[in-house]
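Trainee: Protein chains in written order, with this note's numbering: chain C, 1 to 281; chain Z, 1 to 281; chain L, 1 to 281; chain U, 1 to 281.
I should point out that these hints are in silico values taken from the structure, not numbers from a laboratory. Computed from a predicted structure; not experimentally measured. Incorrect hints may appear among the rest.
The list treats identical chains as one, so a pair stands whether inside a single copy or across any two.
Claimed, not checked - List time: in silico SDA-like cross-link candidates among lysine to any residue, alpha-carbon distance up to 20 Å:
| no. | residue 1 | residue 2 |
| --- | --- | --- |
| 1 | Lys154 | Ser74 |
| 2 | Lys6 | Arg141 |
| 3 | Lys6 | Ala240 |
| 4 | Lys6 | Glu64 |
| 5 | Lys6 | Thr17 |
| 6 | Lys6 | Phe135 |
| 7 | Lys6 | Cys180 |
| 8 | Lys6 | His43 |
| 9 | Lys93 | Pro182 |
| 10 | Lys129 | Thr107 |
| 11 | Lys6 | Thr44 |
| 12 | Lys86 | Leu224 |
| 13 | Lys129 | Ala247 |
| 14 | Lys179 | Glu207 |
| 15 | Lys129 | Tyr159 |
| 16 | Lys6 | Arg248 |
4 protein chains.
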Amino acid sequence: MKAIHKNVVLIACSDQTGLIHKITGVLLHYSLNVTETEEFVDHTIQRFFMRIQFEGESGTEGVEQELRKILPASTHVHVGRLQPRKIVVLVSKELHCLGDLLLRYATGELQAEISAVVSQTEDGRELTKRFDIPFHYVPVRGLSREEHERELLKVLSPYQPEYLVLARYMRIFSESFIKCFPERIVNIHHSFLPAFIGKNPYDQAYERGVKIIGATAHFVTENLDEGPIITQAIIPINHADDPGEMARRGQDVEKIVLARATELVFEDRVLVDGRRTIVFE
Amino acid sequence: MKAIHKNVVLIACSDQTGLIHKITGVLLHYSLNVTETEEFVDHTIQRFFMRIQFEGESGTEGVEQELRKILPASTHVHVGRLQPRKIVVLVSKELHCLGDLLLRYATGELQAEISAVVSQTEDGRELTKRFDIPFHYVPVRGLSREEHERELLKVLSPYQPEYLVLARYMRIFSESFIKCFPERIVNIHHSFLPAFIGKNPYDQAYERGVKIIGATAHFVTENLDEGPIITQAIIPINHADDPGEMARRGQDVEKIVLARATELVFEDRVLVDGRRTIVFE
Amino acid sequence: MKAIHKNVVLIACSDQTGLIHKITGVLLHYSLNVTETEEFVDHTIQRFFMRIQFEGESGTEGVEQELRKILPASTHVHVGRLQPRKIVVLVSKELHCLGDLLLRYATGELQAEISAVVSQTEDGRELTKRFDIPFHYVPVRGLSREEHERELLKVLSPYQPEYLVLARYMRIFSESFIKCFPERIVNIHHSFLPAFIGKNPYDQAYERGVKIIGATAHFVTENLDEGPIITQAIIPINHADDPGEMARRGQDVEKIVLARATELVFEDRVLVDGRRTIVFE
Amino acid sequence: MKAIHKNVVLIACSDQTGLIHKITGVLLHYSLNVTETEEFVDHTIQRFFMRIQFEGESGTEGVEQELRKILPASTHVHVGRLQPRKIVVLVSKELHCLGDLLLRYATGELQAEISAVVSQTEDGRELTKRFDIPFHYVPVRGLSREEHERELLKVLSPYQPEYLVLARYMRIFSESFIKCFPERIVNIHHSFLPAFIGKNPYDQAYERGVKIIGATAHFVTENLDEGPIITQAIIPINHADDPGEMARRGQDVEKIVLARATELVFEDRVLVDGRRTIVFE
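Bound-form chain C, shown alone (with noise of 0.2 Å):
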């Protein structure tokens, strides 16, 4: 007995007439059980793109084959399976969003296996060790970047891994570090972007005054905090609540937007396109 999978299609290209039918007709011909989809059209940017969720038993070659055929010349098409991420956490000293992330492991919740969780510090091993899941320090101390980024890479290397999740890890990558995981690097940041960019956005908040805090979930790409945003949101604030208190009252916006942005990067509801996505909830 053949066992029945979730997959995925995601396509990005030119707006054209048709394209729904044409699109619709290929999955039709191979009698896929679509249960989902979504398609949106950019008309500033006359762009087209669609998510196709179905359920089937064999391989999806065929179908992202044909696709290619009846779509525009530069088409991104990606046609996958649905299964769990194969991913490595990258933390510093705060944990809570390690945490989370290792109990909605631990209760299956994530769409993800924790290969390992690497970080710059001790911290997190205590907590990591908690969960049976390989912990790694790479310490910084005395090494460039360049040297450090080589070490981290020698680390992640056995564990091929699909997407870094980095869970307040608090360093910057360098272009050629990035350019390892395109789109696959997924970072918290603790403000509501492009608000704060940058060092303690808590105390930037408290200086400006603000009445609300925020957490950004984005891609990392070589300009720091400048990413496509995955998702994001906020809690209102007032004045009583000093730098401290917002990054205690902050920690948890922060798991949630955080949990929240690996849950659709790793059910593919994510689409870049330049520095804005397409989120198909």
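Start from chain C and add chains Z, L and U according to the hints.
Mentor: Showing chains Z, L and U alone in chain C's frame:
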């Protein structure tokens, strides 16, 4: 028979032991019927803030004098009657915030009397006239900023407004103009500041691909969009919202935020402390 | 030269394979300029729902006929032009929702033409008159419900309204009255239904000590406050908010929710399915 | 050297003139280092509520005695040290709330020491063990409610818990059991009460077609889901969310709401007044 009035005491001073006891002692001495008290100590800067609301038939001069005697030298004390403020609303082409204020005024919900509406365009005239309020068109064309502001002040002068409310006014004031209304100009900016300062925040938001938009009400200072924030709110958006749709959907959050700010300011619930506000809601 | 119109197709039918392909085939055949499509399958009840928006100069009769041919027998299909709806607003003493609708109408934001305002009290007359709209006072006193509704229908009849909007109308209609406007009466209830059905929801909320209050826009059916919900929103409150304060603060959420509901309904974005709605936002 | 402790005074009494002055007089007399004060008068019922937080090295017996002397006869006064509460968490099959509490405990964020976890199923054992906390399985099968509760009390007895936290416990307690922990059992209910009382609130929410779901933390009283509400929150949903999806998405709001409630309760920020709570946030 004397009328019963609502009065407010606002206090801001350096913190020291026993302040609340001393202050409430004065209130007791005058047999004031206190209905609300709120206090806050900012331990970072050792500042004490308090708001007291009381009902009483007579004058309040004695209270203020007595409070000054017992409080530290550089204390800011203000005792005043809560009564509808005399305001002038300044607008431009976008009329939703103006309309909302007019409506609240008409239904008795606004804690203010709108003496007049002033604009650099004619767009708001018809709407203002529906509510039997004077409308002044003060054109910009051909005038330097100083000349235009001189014209504005000439128009404002007979109304002696306590507050100016910028309901999407879209022009920057000179420092000298602002000095005529210190902490008495309230502006609505259509972004969650400090994100998207300046012109066309919705275009900026689209460019950056954010997943939330918002509005910020703040006091106007010489630095554009940098004044102390009174209140902020946001709404979620997604990839399908282009700048036009954001502008349309943003209108509701703008008008709610501006109305809320006027309510807080006109009820003496806002204390300014540097770039921050203490808001006793 | 023929005018370009916006049109909407709404489809609800039992789910089967290939529906989207068939439907988009018809659209292609007619060379329609489709600008938005959204579809949803409720797998629990195997129902398919779709909304298509297209621009076109000519009539739409052919499209509807053609769609009927290819779709299952009991399909609900509706093809119509998107144009301002003719509505009548019914109010009572509370005027904030009426005011908000009038304002949106005046600034061209409402997808409707307010033909008239009808009330059982005189309170709304002055406000309505400011916007040059007919106001009808239909008193209740001394009349049975049937008699009052007969009077109402007499007043409504010349306007031939497509929709009735109950902007805090506060009276219950008989089944026979509702049958005159099936799925065409939109009500705002000042609670997050199903909490606090019936009279004085803010008093009920105070009694129960809830920490949030809200508003619900729904279609009116014969069961009080039980009709299909179109949209809802909430605001946080605390122990200091008594019923009067809740009523005051609730006004803003009520008017936003009602306005949003009219927008969704008048743009044909809402499909009713039993007690539930499918809302293509 | 004596240690510096945080202490809290909670006062609830009938309102009268000069209370704050009298109370702060006592604090002054004892030279207490007051860091937070909040007070509230419910004018509807003429009740006065106050919370004072102060730092001090010595005992607090004198303060409580002195306050009793100057306050009305039936005053509720409580002076106590702020220290981690000893709690027992009760769970059932759903583990997300338990996991979140364990995580906060492990990272030092929870103002409590989790002495043990108790369940009527074995599901939570593995997760609890990861955090080196005793887990007790107290089966229900074959036992009457009284017998089961007797077993429970036997298991709880050696821990002498100050509070019981029901982290999705899903069973109703008898009045006599609840009397053993008056205002000391905190429950999380997975709806925005009073909507959807009782079993399967997400199924009820689906049936009713609501557009928001939520969670409510409340003290447990003899009336199911009727106890005083501590805090509530909601998330928006749409037609595409079936009960399973609601349950999945609801988990995050449930765990945030329960964690927030424990924080408020364990920091002595919640006063119960009949069916309502005063929450000094």
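Trainee: Now, for every hint given, state plainly whether the structure supports it.
Mentor: Structure-based check of each hint:
Taking identical chains as interchangeable, the C-alpha atoms of Lys154 and Ser74 are never at most 20 Å apart, the minima being 35 Å within one chain and 62 Å between chains. Proximity of Lys6 to Arg141 under the C-alpha cut-off of 20 Å is found in neither arrangement, the shortest distances being 45 Å within a copy and 39 Å between copies. Taking the shortest Cα distances, Lys6 and Ala240 sit within 20 Å of each other only across copies (18 Å), while inside one copy they are farther apart (49 Å). Proximity of Lys6 and Glu64 under a CA criterion of 20 Å is satisfied intra-copy only: 15 Å inside one chain copy versus 35 Å between copies.
Taking identical chains as interchangeable, the C-alpha atoms of Lys6 and Thr17 lie at most 20 Å apart only when they sit on different chains, with a minimum of 17 Å there against 29 Å within one chain. For the identical chains of this complex, Lys6 and Phe135 are neighbours neither inside a copy (31 Å) nor across copies (37 Å), given an alpha-carbon limit of 20 Å. For a Cα distance limit of 20 Å, the shortest separation of Lys6 from Cys180 qualifies neither inside one copy, at 27 Å, nor across copies, at 47 Å. Taking the shortest Cα distances, Lys6 and His43 sit within 20 Å of each other only across copies (16 Å), while inside one copy they are farther apart (31 Å).
Taking the closest pair of Cα atoms, Lys93 and Pro182 never come within 20 Å of each other, the shortest separation being 26 Å inside a single copy and 39 Å across copies. For the homomeric pair Lys129 and Thr107, the shortest alpha-carbon distances inside one copy (16 Å) and between copies (14 Å) are both at most 20 Å. Taking the shortest alpha-carbon separations for Lys6 and Thr44, only the inter-copy value of 18 Å comes in at or below 20 Å, while the best intra-copy value is 33 Å. For the identical chains of this complex, Lys86 and Leu224 are neighbours neither inside a copy (25 Å) nor across copies (44 Å), given an alpha-carbon limit of 20 Å.
In this assembly of identical chains, Lys129 and Ala247 lie within 20 Å of each other by CA distance neither inside one copy nor across copies; the values are 25 Å within and 29 Å between. In this assembly of identical chains, the alpha carbons of Lys179 and Glu207 never lie at most 20 Å apart, being 35 Å within a copy and 23 Å across copies at closest. In this assembly of identical chains, the alpha carbons of Lys129 and Tyr159 lie at most 20 Å apart only when taken from the same copy (17 Å versus 28 Å across copies). Taking the shortest Cα distances, Lys6 and Arg248 sit within 20 Å of each other only across copies (19 Å), while inside one copy they are farther apart (39 Å).
Hint violations for this structure: numbers 1, 2, 6, 7, 9, 12, 13 and 14, all remaining hints satisfied.
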